[in-house]
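Number of protein chains: 2
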Amino acid sequence: MKIFHYTEHKPFPAKTLGIEDASGLSIRFLITQGDGAPNFAMMHLELEPGGCTPNHQHGWEEEIFVKTGAGKIKSGDQTTAICPGDVIYIAPDEAHQFVNTGEENLELLCVIPNNPG
Amino acid sequence: MKIFHYTEHKPFPAKTLGIEDASGLSIRFLITQGDGAPNFAMMHLELEPGGCTPNHQHGWEEEIFVKTGAGKIKSGDQTTAICPGDVIYIAPDEAHQFVNTGEENLELLCVIPNNPG
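Sequences listed follow chains A and B, in order. When we follow our numbering, the leftmost residue of the first sequence carries the number 1, and every step to the right adds one. When we follow our numbering, the leftmost residue of the second sequence carries the number 1001, and every step to the right adds one.
Okay, derived cross-link-like pairs now, PhoX-like style, lysine-lysine, Cα gap no bigger than 20 Å in a straight line:
id : chain 1 : residue 1 : chain 2 : residue 2
1  : A       : Lys72     : B       : Lys1002
2  : A       : Lys74     : B       : Lys1002
3  : A       : Lys2      : B       : Lys1074
4  : B       : Lys1072   : A       : Lys2
Source of the hints: derived by calculation from the structure; they are not laboratory data. Since we're looking at a predicted model, the values are computed, not measured.
Work out the full structure: start from the sequences and follow the hints.
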C-alpha cells in the first residue's frame, strides 16, 4: 500500500514531457505501473488560468474528475463548461481539449490505461 | 463523451449492494462498463461520520483519491490518517478498511478494474 499527498509528487511542465501545443499545463504522475499498478494510471493535471491542453485524440479512454477551478472542454464542434465535481468519460478516439476559463488553476484527476500507446 | 456532475448519480447504500459489515457507507457508480468504458470503473464513496467500510481484501487493485473529510485507513496492524488530497494505492490482496474519524462525510474517488471478481 502506498499513501501520500498528491503535492508530494512534483508537477512536470508539459513541454518537459514532450507534449506540444499545450499552454500552462503540468502533470503529476500519482500512481503508475512503476508502483506496481497492473492496469491503469492516475494523474493530476493542472492548467494555469488561460491555459489549455492540446486539442488531441488517441486510441484509449480517459476517466476524469474535475477537482478545482472552472473551464471548458472542447470536442469537435461541441464546447461544454466544466466545474468541480464534474465527471468526464472520454471514449477512445474522441477529440478533446481542456481550457481553463477561470482565475485559479483548473485541476483534473485523470485515469488512463497503462501502456496506452 | 459523457459529462455530468457526480451528484447526478444517486448514492446506493452499501446494504442494497450486498456489502455487509459496513456502516454509513454509500456508493455512486460514476463511470462503468455500461458507459462503454473498456478497462476500469470510477466510483464515489461516501462514509458518514463514524462510518466505515468492511475490513476486506480482494484480488484486484484500487486507486483512490481522498476528496473531502478526515479519516483513517487500516491495513493489518497499520493505521494511517488520511486527509483531502491524499492518494492511496491498494495492491491486489492487501487488506484495507476506511473509517471516517471526522465530523463531515469522508468522500473518496475510487478506481477499480472492470469485472474484478
